[in-house]
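Model the placement of chain B on the given structure of chain A, informed by the hints.
From first to last, the protein sequence lines stand for chains A and B.
Residues 1 to 112, numbered by our numbering, are exactly what the first sequence covers, in order.
Residues 1001 to 1403, numbered by our numbering, are exactly what the second sequence covers, in order.
If you're looking for bench data, these hints aren't it; they were derived computationally from the structure.
Quick reminder that beta carbons are idealized off the backbone N, C-alpha and C, glycines included.
Just to be clear, a hint being listed does not mean it is correct.
[Unchecked claim] One side of the interface only, derived from the structure: several residues of chain A facing chain B at Cβ under 10 Å:
#1 Glu-44
#2 Tyr-51
#3 Asp-66
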Amino acid sequence: MKLVIAIIQPHRLEQVRDALTEIGVHGMTVSDVRGYGRQKGHTEVYRGSEYEVSYLPKNRIDVAVDDSVVDATVEAIANAARSGKIGDGKIFVLDLGSAMRIRTGETDAEAL
Amino acid sequence: MIDTGDTAWMLTATTLVLFMTLPGLALFYAGLVHARNVLSALMQCIAIACGASILWFAVAYSISFADGTAFFGGLGKSFLNGVARDQAYSGTAIPESVFFMFQMTFAIITPALIVGAYVERIKFAAVLLFSALWLLIVYAPVAHWVWGGGWLAERGALDFAGGMVVHVTAGVSAVTIAWMLGGRVGFPDEIRPPHAPWMVMVGASMLWIGWFGFNAGSALASGADAGMAMLVTHLSAATASLTWLVIEWVRYGRPSLVGLVTGTIAGLATVTPASGYIGPIGGVICGLVGGAVCYAAVDLVKKVMKIDDSLDVLAVHGFGGATGTILTAVLAIPAFAGIGLKMTMVEQLGVQVLGVVAVAAWSAIATIVIVRVTQALVGLRVSEEDERAGLDQTAHGETGYNL
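Next up, chain A with everything else stripped away, as it sits in the complex:
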């Protein structure tokens, strides 16, 4: 099992969700986060003064998947989230030790 963490542009969230649904990944956790990467934030101008906005709003998606669909999941997220412009985000894949569905007590692959 792997945990896929994707940091994406908020306006791409619905496309990512649709892409994951299409390949049979049902369920994800989404959070509003802020951060920066290579783009280093941006500048806004108010009344002639420039303001550095260092932390830009992003969405973080957490999806736990079986090893067999990790590559498809990463590809689906990347394709749906890519605009080609700076600030599209990143995808991280981590090993996942165990999982449990709280309601039934099912564990690991059955719990995903």
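Chain B only, in chain A's frame:
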């Protein structure tokens, strides 16, 4: 003799001008500050409104409008002493109660304008004490000089709705207290951008609408003068908004909402002293000149003088009011469809400049003294730790956004 038509309009105008402060100016300022200070900006505006009202009733109205010397009205109308219910205010056909209320709304918004200079770092007690002393020592005497039969009125100075009395006093005092208080932590490089530009637009729009009461109400009667004042006020606001928009578009490639509505306020402040004396083309010229002058003044104060007049009170109100006061001498002539002058244009220009300089000097000197007294009695600045945590929590124990 009281005229019911005049009275009806002045009751309406009074309501409009109070609406400028509550909630117009309060929202305008609250949107420009950091999210952790949104409530404190609102609180400062509404608390000043309450305090100024009571002081106006007690003595400030009398200092402004009762008979006295050339510099200071007497205390004869303190607590509205001797003002009868059905008595018309001298030279008008409206009850003195309505004149008192109309002028009170000016006495409310003027110290509230200065909030823009000291937001995000001042002690709340200092706001209250400074504003009270300022109303008595700066606003009320200057109102007497210009509108209460004082020395500038005697010289024929023209200030229809408060270019000097409201905007020059507030602007100059604002930059003075900002200079004495020092900049916000991190000024100028690490200041956060306005937390809610949409709120700035809503507040500015309320100010725009309320300004019809401010300027057209200053005719103190319903009729042609009020009508033309409203017309020129609107033209100036629209023109200055577009002026600011074009400058930003050319300079930065994108016109901003905060920029446009700042231009609106610049145009409104500029046309204020001229609004009863000029014609439509004069309104457009006020907007063009006022918009450009105030835009340049923002950079002058923040980048050249390096003073953290945080929300640009001097640049927008002070420079706008002064520009309009001086333009009045030119735009009031019949060639610009104005009502004409009672002296030559050069003489009028001299009086207007003298008025601006005298009012600015008095505002600066008196503010220095008032700030020192305030500092000695209650202190001025919050601690750096409180400033970083935000005044909403540390001064008022409330949170602006519980999301």
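Numbers of the earlier hints that this structure fails to satisfy, in rising order: Per hint list: single violation, 3.
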